[in-house]
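Read top to bottom, the protein sequences are chains A and B. Going by the numbering used here, the first sequence opens with residue 1, and the numbers climb by one from there. Going by the numbering used here, the second sequence opens with residue 1001, and the numbers climb by one from there.
Derived by calculation from the structure, the hints in this document are not laboratory data. Among the hints, a few may not be true.
To be verified - For lysine-lysine, the following DSS-like pairs were computed, each having C-alpha atoms within a straight-line distance of at most 30 Å:
id, chain 1, residue 1, chain 2, residue 2
1, B, K1035, A, K88
2, B, K1184, B, K1243
3, A, K133, B, K1184
4, B, K1197, A, K103
5, B, K1253, A, K35
6, B, K1123, A, K100
7, A, K284, A, K274
8, B, K1146, B, K1253
9, B, K1243, B, K1141
10, B, K1197, A, K200
11, B, K1146, B, K1103
12, B, K1051, B, K1168
13, A, K35, A, K303
14, B, K1035, A, K133
15, B, K1146, B, K1306
16, A, K137, B, K1135
17, A, K123, B, K1200
18, A, K234, A, K112
19, B, K1051, A, K133
20, B, K1141, A, K103
21, B, K1141, A, K100
22, B, K1103, A, K88
23, B, K1141, A, K35
24, A, K249, A, K284
25, B, K1133, B, K1197
26, B, K1296, B, K1133
27, B, K1035, B, K1282
28, A, K140, B, K1103
29, A, K35, A, K273
30, B, K1100, A, K140
31, A, K249, A, K141
32, A, K88, A, K166
33, A, K123, B, K1050
34, A, K243, A, K288
35, B, K1168, A, K112
As the list claims (entries may be wrong) - Covered stretches of chain A, as calculated for chain B (at least 3 residues, CB under 8 Å):
id, region
36, 35 to 48
37, 235 to 246
Ideal placement from N, C-alpha and C gives every residue a C-beta, glycine not left out.
2 protein chains.
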Amino acid sequence: MDKEKNIIDKYFKPLAKNKESLHLENDAAFLKDKKMIISTDMMIEDQHFKKDYDPKLVAKKLLRINLSDVAAMGAEPYGFFLNIALPKNMINPWLVNFTKGLKKDMLLFNLKLFGGDLSYSSKIFLNATIIGKTKKKCHKKNIAIKNSDIYVSGKIGDAALGLSIKNKSQFMNFSINERTYLTKKFMLPQPRIELGKNLKGLADFCTDISDGLLRELSIVAYQSNLQANIFLDKIPVSRVAKKLLNSEKIKPKRIWEIFLSGGEDYELLFGIKKKNINSLKKIKNISKIGFFSKGKGLKIYDKNGKEINFKKVGFSHF
Amino acid sequence: MDKEKNIIDKYFKPLAKNKESLHLENDAAFLKDKKMIISTDMMIEDQHFKKDYDPKLVAKKLLRINLSDVAAMGAEPYGFFLNIALPKNMINPWLVNFTKGLKKDMLLFNLKLFGGDLSYSSKIFLNATIIGKTKKKCHKKNIAIKNSDIYVSGKIGDAALGLSIKNKSQFMNFSINERTYLTKKFMLPQPRIELGKNLKGLADFCTDISDGLLRELSIVAYQSNLQANIFLDKIPVSRVAKKLLNSEKIKPKRIWEIFLSGGEDYELLFGIKKKNINSLKKIKNISKIGFFSKGKGLKIYDKNGKEINFKKVGFSHF
């Protein structure tokens, strides 16, 4: 058999032992399920990661950024398609580790590999198309409702700090433990699957924060024809992030800009109507950060209620 | 609104006016259908096409190579997801034409755009994940049956000649009309949707020829634990291809090697049991090229029944 087929047999067939993949003997998969969501996300060398990143972590991140979309829809992880293009000389060493990482997170998130495509290219290109199962309800519209409260899950900004460490932007003095914590937050986001499911029927909109809180919220405000108002002192940040805000070396405004525009948090951002707020009581690890009102755009206030203007709203690839 | 959002609103929202895409306001699509096939294929700059190729044709080819997988499954085109990464300076001029081509073939093949991802990269990277609807039966297994006859659709080898013209391999003297014909066969393959559907329940295997007839047939023979036997004089070639075979400038064996290993035909390759052969009578544009027997591998015979050995079996990216 030829080499391409060998690579598929060696690395991917063991991961695709499911009926739907047709054991990778066809180019397509066959899905019998009734209601599903499908989403697709890319990771490109030098754009989203560097060649020297651990392929195990790159694999996990590829799945997790796609799983974050599944979470935002309130769906259950089901399976995925994988496109990989990479330089000839990287195939064996890189794919061994990449598929190891893939396998771990496939077990962790109960995901099936359904198929994909493989090619050569001078830079590494990765894409996953993920499928989530869902019942009747899912977060179909990202339209907020006036007077709804704005919530986020987890902590905001750690991933942006992790990226700056990866990029060797050494303007911050972090301990080894802090660096490990922050780079892990960047490389291994936690898709909020359970939260996404719990919010079905409660949230009026739900999206994941991939390109920075400010950008995602601006888009929701724009789509909803409403004004989003958020309060800096309500935004949940980690102990490490807090330490940086209090360090006095860099202006807090500059640090907030990194936290809120840096992207890659993969936390959920959602809106809750006042009457639904009691239903949130059992849900942990979420924070109310503001509300929607009549008007347009996004307004950010400091602890004294003074409006703050950031230059950069969020991360855009273009 | 920021630039990335603007690009999506400008170029892709007009193409995604369907419920399932959720109007591109979410990262995922929502599919209610029961039985569908999904397949995914990449096109990478310098690997599958050059930067200076007409973006309209690149768009059409991207859809068609994916549609060819839909045809091979005997399914009906339904919709697709699109991943595009390209250099910053190419966005506007390139995407205008790319989306024009996309729109034309979306109408022609009745395809919906469901979603996708957009990014920046130094080289153009394209990927489509296509969804086809199907009823109970589809070509699920690529396993041939002993004594079955081997068939192909259309003409074999024109696309490989078209590619060599595109690559400026000028060892052949073609007229302008011939060059236009051949490059069109390379850039605009014809997915055999109707044939794929008609073969359901008739063919014991059905696959599309993307990486060369010899490679695809070798894979089927290997998976089926059978020997594939084909006859050069039964392989359907175009008038232009025939002219080249008779030109006496290049050894026919070298030309056959290009035709059978060059890839990109996107014709269907399928097996038919003797008892089903009568059912094929109404189907046009197909040719019987050989049969399966006990044994292993692929054997190719010339018109005198003499076995021919080709060095290169097919196109593999690795």
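For each hint, the structure was consulted:
1. B:K1035 with A:K88: 37 Å, violated
2. B:K1184 with B:K1243: Answer holds: K1184 (chain B) to K1243 (chain B) is near 18 Å, not above 30 Å.
3. A:K133 with B:K1184: 41 Å, violated
4. B:K1197 with A:K103: Since the Cα atoms of K1197 (chain B) and K103 (chain A) sit roughly 36 Å apart, the hinted pair is violated (cutoff 30 Å).
5. B:K1253 with A:K35: 52 Å, violated
6. B:K1123 with A:K100: Measuring from Cα to Cα gives roughly 28 Å; hence the hint holds.
7. A:K284 with A:K274: 18 Å, holds
8. B:K1146 with B:K1253: 28 Å, holds
9. B:K1243 with B:K1141: Judged against 30 Å, a Cα distance of about 37 Å means the pair is violated.
10. B:K1197 with A:K200: Outside the cut-off at roughly 39 Å; violated.
11. B:K1146 with B:K1103: Between K1146 (chain B) and K1103 (chain B) the Cα gap is close to 44 Å, so the pair fails against 30 Å, i.e. violated.
12. B:K1051 with B:K1168: 15 Å, holds
13. A:K35 with A:K303: Distance of about 45 Å is beyond 30 Å: violated.
14. B:K1035 with A:K133: 14 Å, holds
15. B:K1146 with B:K1306: Holds. K1146 (chain B) to K1306 (chain B) sits at ~22 Å (cutoff 30 Å).
16. A:K137 with B:K1135: 26 Å, holds
17. A:K123 with B:K1200: Roughly 40 Å between the alpha carbons, so the hint for K123 (chain A) and K1200 (chain B) is violated.
18. A:K234 with A:K112: It is violated: about 39 Å lies between the C-alpha atoms, which goes past 30 Å.
19. B:K1051 with A:K133: 39 Å, violated
20. B:K1141 with A:K103: 25 Å, holds
21. B:K1141 with A:K100: Holds: K1141 (chain B) and K100 (chain A) sit about 28 Å apart, inside 30 Å.
22. B:K1103 with A:K88: 35 Å, violated
23. B:K1141 with A:K35: 25 Å, holds
24. A:K249 with A:K284: 33 Å, violated
25. B:K1133 with B:K1197: 11 Å, holds
26. B:K1296 with B:K1133: Violated, at roughly 35 Å.
27. B:K1035 with B:K1282: Answer holds: K1035 (chain B) to K1282 (chain B) is near 28 Å, not above 30 Å.
28. A:K140 with B:K1103: 25 Å, holds
29. A:K35 with A:K273: Between K35 (chain A) and K273 (chain A) the Cα gap is close to 27 Å, so the pair holds against 30 Å.
30. B:K1100 with A:K140: 28 Å, holds
31. A:K249 with A:K141: 42 Å, violated
32. A:K88 with A:K166: The given pair, whose Cα atoms are some 26 Å apart, holds under the 30 Å limit.
33. A:K123 with B:K1050: Holds, at about 16 Å.
34. A:K243 with A:K288: Status holds; Cα separation ~22 Å.
35. B:K1168 with A:K112: 43 Å, violated
36. 35 to 48: Coverage by chain B holds here, the residue count being 12 at a Cβ distance below 8 Å.
37. 235 to 246: violated (count 0)
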